[in-house]
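There are 8 protein chains.
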Amino acid sequence: MSFTVYLSGEIHTDWRDEIKRGAQANGLDVVFTSAVTDHDASDAAGDHLGEESSSFWRDHKSSKVNAIRTKTLIEASDLVVVRFGDKYKQWNAAFDAGYCAALGKPYVTLHSEDIIHPLKEVDAAAMAWATSNEQVVEILKYVTRD
Amino acid sequence: MSFTVYLSGEIHTDWRDEIKRGAQANGLDVVFTSAVTDHDASDAAGDHLGEESSSFWRDHKSSKVNAIRTKTLIEASDLVVVRFGDKYKQWNAAFDAGYCAALGKPYVTLHSEDIIHPLKEVDAAAMAWATSNEQVVEILKYVTRD
Amino acid sequence: MSFTVYLSGEIHTDWRDEIKRGAQANGLDVVFTSAVTDHDASDAAGDHLGEESSSFWRDHKSSKVNAIRTKTLIEASDLVVVRFGDKYKQWNAAFDAGYCAALGKPYVTLHSEDIIHPLKEVDAAAMAWATSNEQVVEILKYVTRD
Amino acid sequence: MSFTVYLSGEIHTDWRDEIKRGAQANGLDVVFTSAVTDHDASDAAGDHLGEESSSFWRDHKSSKVNAIRTKTLIEASDLVVVRFGDKYKQWNAAFDAGYCAALGKPYVTLHSEDIIHPLKEVDAAAMAWATSNEQVVEILKYVTRD
Amino acid sequence: MSFTVYLSGEIHTDWRDEIKRGAQANGLDVVFTSAVTDHDASDAAGDHLGEESSSFWRDHKSSKVNAIRTKTLIEASDLVVVRFGDKYKQWNAAFDAGYCAALGKPYVTLHSEDIIHPLKEVDAAAMAWATSNEQVVEILKYVTRD
Amino acid sequence: MSFTVYLSGEIHTDWRDEIKRGAQANGLDVVFTSAVTDHDASDAAGDHLGEESSSFWRDHKSSKVNAIRTKTLIEASDLVVVRFGDKYKQWNAAFDAGYCAALGKPYVTLHSEDIIHPLKEVDAAAMAWATSNEQVVEILKYVTRD
Amino acid sequence: MSFTVYLSGEIHTDWRDEIKRGAQANGLDVVFTSAVTDHDASDAAGDHLGEESSSFWRDHKSSKVNAIRTKTLIEASDLVVVRFGDKYKQWNAAFDAGYCAALGKPYVTLHSEDIIHPLKEVDAAAMAWATSNEQVVEILKYVTRD
Amino acid sequence: MSFTVYLSGEIHTDWRDEIKRGAQANGLDVVFTSAVTDHDASDAAGDHLGEESSSFWRDHKSSKVNAIRTKTLIEASDLVVVRFGDKYKQWNAAFDAGYCAALGKPYVTLHSEDIIHPLKEVDAAAMAWATSNEQVVEILKYVTRD
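Chains L, P, W, E, H, A, X and S, in that order, are what the protein sequence lines are. When the letters of the first sequence are read in order and numbered with UniProt numbering, they come out as residues 1 to 146. When the letters of the second sequence are read in order and numbered with UniProt numbering, they come out as residues 1 to 146. When the letters of the third sequence are read in order and numbered with UniProt numbering, they come out as residues 1 to 146. When the letters of the fourth sequence are read in order and numbered with UniProt numbering, they come out as residues 1 to 146. When the letters of the fifth sequence are read in order and numbered with UniProt numbering, they come out as residues 1 to 146. When the letters of the sixth sequence are read in order and numbered with UniProt numbering, they come out as residues 1 to 146. When the letters of the seventh sequence are read in order and numbered with UniProt numbering, they come out as residues 1 to 146. When the letters of the eighth sequence are read in order and numbered with UniProt numbering, they come out as residues 1 to 146.
This is chain L alone, in the form it adopts within the complex (with noise of 0.2 Å):
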């Protein structure tokens, strides 16, 4: 059975490649897709469209260039995670996951128990937590078998 997957959320570890080469190495039907997780490359977005004095609209117009991106792929998923790590607020990884929630569309969490208070909201929506790669390796390889 074939799935596809959107990865969402933090962009400083290479949790999504682990999860690609778990998925692999079990032989899984899985299409990953996810943003431009290429940090400078994403802030940097909406630069060609002309220069912003001021950085909120220099976000503003990148970021919306990345929903262009992000909005169609997470709406074409059949799953989506949600990685919040250690660092950083990590806002748009709450924020893909309430757009999930809204949409029907089921999303797992990736995090470490010491966060689990502040995302309570984002978990209580979720169709599971996981702690680790592996065990989001294992629900996929479980939910895609013949």
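Please keep in mind that the hints were generated in silico from the structure rather than gathered at the bench. Possibly wrong hints are sitting among the right ones.
[Unchecked claim] Restraint ranges, calculated between C-beta atoms of paired labels, are given here:
id, chain 1, residue 1, chain 2, residue 2, range
1, W, E75, L, D14, 44 to 50 Å
2, E, N26, A, G27, 32 to 38 Å
3, A, T131, S, E75, 26 to 32 Å
4, A, D40, W, T131, 53 to 59 Å
5, A, G27, H, D17, 54 to 60 Å
6, E, S2, S, E75, 18 to 24 Å
7, L, H117, S, R21, 50 to 56 Å
8, E, H12, W, T131, 27 to 33 Å
9, S, E18, A, E75, 36 to 42 Å
10, P, R145, X, T131, 28 to 34 Å
11, S, E18, L, T4, 31 to 37 Å
12, H, R21, X, A44, 54 to 60 Å
13, P, A76, A, D40, 49 to 55 Å
14, W, D43, P, D40, 44 to 50 Å
[Said to hold, decoys possible] Within a straight-line C-alpha distance of at most 30 Å, the following computed DSS-like cross-link-like pairs (lysine-lysine) qualify:
id, chain 1, residue 1, chain 2, residue 2
15, X, K20, P, K141
16, E, K20, L, K141
17, X, K20, X, K87
18, A, K89, H, K89
19, L, K20, P, K89
20, H, K89, X, K141
21, L, K89, L, K20
On a predicted model such as this, the values are computed, not experimentally measured, just so you know. Note that CB positions come from ideal geometry on N, CA and C, so glycine has one too.
Starting from the structure of chain L, add chains P, W, E, H, A, X and S where the hints point.
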């Protein structure tokens, strides 16, 4: 013109009351709604359903009881104001913003200038970004004028 | 805050009345709705449309007449409480739960501990699981508080 | 004409295989999907996410992992067949039927005559009631003919 | 319990009034709506927008002006009654039934026994088939009882 | 450009074949779908599910089995052509048109000039009115051109 | 019968007032809504959120604040009247028409004969084309009559 | 990553070809769609359905035939580019933008700086504003990168 406005996010300052007072001072026909903002009550919302040994499930149950209220009120509102304060992760606020974005429900953000960058995706889908409660009142005054 | 609550499921005990009395005792602004709970009347809901020789079609006609009411009331409610009692199959209760799940309508289940396992899919999509009418009243009290 | 058919419900007899064999014998262009029907695997679907001391939460986690698969497959299907057997509560089958009803997804029921009455609401929203696997194959043969 | 019922179809007999009188005689809390049932006025609904030399466009304009009303009222109703009389094609009645079916809006048909066969698709998606105005009143009485 | 076109309505002339031949002669990349157009088979579509003593229920069962196919094909099509012939009531054709209208699915009507008036509501929501199969082919040729 | 009508488009003539007066003179139960029609106020709607050096962002902010109001009012209306005057581009009016079309919200256009051709796509999805305010009042009178 | 992009608006310059050439030069996996851009053919799209004496109805018929194509293609696209040129009213372009906005379909605008003000509502709901074809190609390159 009457409007229903859901106030989402930070619960440790009295920004909700300030906005309500501002709306009242201006004679606006606005009904304000929100989650239960008593932090302890909110964390304990599911406790009467039985004790849990794990903090994850305690949080889980309470978040879902809270969601019965918040989901209903967000969907019934004309506008959502999402407040991000200086402290805490506030992933629930970003989650609410994503939820609104997917529903096509207009929302405005309310936060200071120093968190523009981490909130860029949340701001990108918002109808406005305000930095003070007064600005939010101004928006309400404008959009509900006869 | 006012709320409309649809009470689905078991019709052989007076759980609906207990919840209503509890809501009233707590001064809650809750409107309760439900299917016609008079069992004989419900089974005969389509009889005036003409006699049937087959029990299947008699049931079919009555169920559809009942659905005119239940579908409308479920969709108009803010919350659905689905009660599973000790006896009978109660597939209609599970059907209502699935209906709510697909609509994104919040529901809570109400059943004793000994049927946790067969109800696991129904509970998985619920916002809460209660074991007593008092707990349901507590939930209503909490979610409608000012 | 090709069709995708989700087979929901009873997992203790080989009705799914019989229908598949019937479809194959008739050369039908039908893809069949279903939940994971290995009972033990299904009950354990969430176990790798961490042990639970309470049976409620163990069931809860497994049901949600299963729902990632079932929700996706039901929504992607053209028709759902919901089988109610002689034993067990099978509330999940009724839940799937209600889910289909709310989505406007056509489904047919498959059950013996002695449970007509308790299934009347489920049958009322179905496109057909079959009592044998052969009848289901006949339906598929008819609806997919060129 | 209050209900809004849209009365669609035949405009050459006084079936609407009979149903209204029946509802009133039974003290039902039902609001009835319908298209403009004055045949000449309905055919001329677009005439004030300018004369047309072709009967097709005259009909076209009037039908669309009528649809402003009927579409709004059908969507706002809880139940639609679709009446097929002895004469005329009444394709608009069947059109309304199909419109309801796609919206998931419950409707009942009202017609005599001799047109069962040509109406089979319309009846198949209906919640009930009535042959008399009294039966329709009975349905309303049942579905709105306290 | 490829297009999927559902051909609805009259089954007593070979208009479907004419349109298919026209499309083929023009090398159009159009897939045509339709209900089962073998009248006897269509009337008997539910017979294998058990004999009925009443003609209403026989029709009812067959119509619903047919609807499994037609509903799926209409929703999967890019355009629906609804043909009204000289004979019969053809309420199912008007029903399909109403169904399309509510879904926002484009449809064109195909009928002669003498039934303009009774079809005015059906034509009012259509994207075009054609009087010949050739005109329908012309429309397809135009809308699918590169 | 009551109706809510949103008046979109041209803000440089008093057509809104004329229609309101006409409705009042005819005793119609119609509530009229619209964007803020004070041109300067509308252009400055976002100014209190902070000064912008670029005219694009000033316009952007004001348009979004205006959209909080217009989006809500359009979605809450039963009918939208879209007025195209002699001057200015009025792309916002065409935008509102497209918005209505996608929502399935009925709208009528109001414009003179000399701009039929450039408005053909906008008129094609409208329920009527009026050339005078009196005609719009006539439509309202007709669709809301008892 | 593959993407489907609908090119809406101006038909008097070769901007569509420039964007296609740019996409090809960059090896992008993008499928481009659009309305029929042959102006005369587009104006005559409904002519084969019969002659009209009034220009309004000729335009009406052709616009609707065109809409069969454009509505389908817009809904099937991942992104819409809406081009406003120097000449003509181009209300259809603004209409398409409003259509996209209501569907939640991402679109970008393409126009020169001198029409920022009249396009402010259209730009406000867009994901980006580009002033050159090259910028559009850059956006496509970015959002489809692996």
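Here is how each hint holds up against the structure:
no., hint, result
1, W:E75 with L:D14: 44 to 50 Å, "46 Å, holds"
2, E:N26 with A:G27: 32 to 38 Å, "34 Å, holds"
3, A:T131 with S:E75: 26 to 32 Å, "29 Å, holds"
4, A:D40 with W:T131: 53 to 59 Å, "57 Å, holds"
5, A:G27 with H:D17: 54 to 60 Å, "58 Å, holds"
6, E:S2 with S:E75: 18 to 24 Å, "23 Å, holds"
7, L:H117 with S:R21: 50 to 56 Å, "54 Å, holds"
8, E:H12 with W:T131: 27 to 33 Å, "28 Å, holds"
9, S:E18 with A:E75: 36 to 42 Å, "37 Å, holds"
10, P:R145 with X:T131: 28 to 34 Å, "31 Å, holds"
11, S:E18 with L:T4: 31 to 37 Å, "33 Å, holds"
12, H:R21 with X:A44: 54 to 60 Å, "58 Å, holds"
13, P:A76 with A:D40: 49 to 55 Å, "53 Å, holds"
14, W:D43 with P:D40: 44 to 50 Å, "49 Å, holds"
15, X:K20 with P:K141, "24 Å, holds"
16, E:K20 with L:K141, "24 Å, holds"
17, X:K20 with X:K87, "23 Å, holds"
18, A:K89 with H:K89, "6 Å, holds"
19, L:K20 with P:K89, "29 Å, holds"
20, H:K89 with X:K141, "29 Å, holds"
21, L:K89 with L:K20, "25 Å, holds"
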